[in-house]
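Engineer: Sequence:
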Amino acid sequence: MMVTTPNSALSRFGMAALAPESRVICTPWSRMVRGLSLGQYPVDYNEHLGSLVHQARDILLRKISAPEGYLRFALLLADFAVEVSNPGVRVNNDRLITTTCKLTDALRSEKNPYYAVVGGGILFDAFAKLHLDIALLVNAEYDFAEEMLAMVDRIQPDQIKDENAGNHGEYEKLFAYTSLFLGMGQAGLQEKLTAGRRNRVREALGLIQTVPSPFFRGRGCSMLFSALSAIGLDGMIFDDGHDFMRDVLEYVDRDDEINFPLRFPQPISPAYVKIYPRVTMLNAIAVSGRTSYATMGHNRLAELKPLWAELEPAEKMHQGLYYLIALHNLDKISEEIGAEKTIVDDLLRFLDVVDPGANFFLNGLSHAYIVETAMVTGQLDAISDRAINRIADCFAHMDATPLDRISRAYPFAYDLNALGEVGEAGKLFEPRPTYGGVSAFSWLVEQFSPEGHAEGSRILMLGNALIGLGLRLRGAENDTTPMFDHLAKRLGWQRLDARVSTM
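In the working numbering, each residue's number is its place in the sequence shown (first place is 1) plus 1.
Because the hints were derived from the structure by calculation, they are not lab data.
Do not take every clue at face value.
Across the chosen pairs, the derived CB separations fall in these ranges [stated by the list, open to error]:
{"hint": "1", "residue 1": "PRO451", "residue 2": "GLU478", "range": "39 to 47 Å"}
{"hint": "2", "residue 1": "GLY339", "residue 2": "ASN260", "range": "13 to 21 Å"}
{"hint": "3", "residue 1": "THR343", "residue 2": "THR292", "range": "16 to 24 Å"}
The C-beta atom is built at its ideal place from N, Cα and C for all residues, glycine as well.
Construct all of the structure, not just a fragment, from the sequences and the given hints.
Structural biologist: Below, the structure is given as structure tokens:
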């Protein structure tokens, strides 16, 4: 077996060994799609993983010769993280200043203000994780935090071009604030959010009512609320004259009555649409420390069981990690399901049942979730080489529809992130017969339209995956930050810990 764990304690203790950041923001969706908390499960620097980041950059630059905006930023930051993490390289102050200017200029040149702001949040988070001086971004000459806060005002509602176009409200602005809040909190700049002329936290909370779908409102607010709890401003959710947590929970409760129509790339069961916002909100409740909300009005944990039973196999693969993390953080695993292994064994069985190449979304994303679920529950030994190879080869036949063909970068980012975390990212960069003797990554990029125009924002998820890989090289001892340690102490989260770098 080649599959390894970035933290030997996960093998011994499962989720009890998770760093607090991974308990708050645990799933591929929030990281690859929304750019939140990249670079989890760090390892000691190794040349192989660093070389994969550079290799991916070079492959992308052969197809997209002059990347702009967010993609340019992501490739720069991934490279920079590798360089800063390399103990054999001394990065002097001039280099730090020059690269910081390039990173901020790339974000300023991003035409979509949503991506510019999300990049700003990622940049602050990365500086905190790499122990870089925040004065490079906020100083007497300019204040990049204020610049990004001002950029939020340029994000217009209903700009997402997907199956639910025109029905998102201020969902993107909500997530831009979430990313920026989290990054600024990591950088110790959270006072800027409430001390200025505008209280940005109140403004973000005021956006909630503009998101009309219970599905998107619950899922989006779960991350906003979790970020506010992490940065220590969760009192504004509950105690600032209005109870936003209760409002969102009650809105999600009324989803049958509201009956907001949603579309997905593949057919989705009603149970999936119901369980997703509920289980993410339960984790937000756990992260807030106000666990009484889990039974406010009715038992919100009990309502998950029948929904879980109704999910199709691929849907369970998506939702299993959310479910397990929420139960773990609420200390309800034994009460609700007996043992985590009960669910994980079921999920592992689906690796042989669900074809990851059948479509880009439901099937295509599912296997990355199972790799990560096995990792955090200490059951990676159940992931076979065959399963890893099946993931690596699946993109060649992910072509059932034109949408599948132009969307391959989306599941690829999930798989690159997940396989990177278990020491198997190399499978995506080695020559494979499935792709005519080139690597999966080379083949994927070669399929892109000229300059990647047709694929659009899906390519940006590859950028997030590469940033995540680069940040993971910062050293196994750097798997937490003062902000997340403070949250864990506040919540009384105990951690069984025997961190050893194995990759």
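Engineer: So, for every hint listed, does it hold in this structure?
Structural biologist: Checked hints:
The supplied range of 39 to 47 Å is met by PRO451 and GLU478, whose beta-carbon atoms lie about 44 Å from each other. Taking 13 to 21 Å as the suggested C-beta distance range, the pair GLY339 and ASN260 does not conform, at roughly 35 Å. Our hint of 16 to 24 Å for THR343 and THR292 holds, since their Cβ atoms are close to 23 Å apart.
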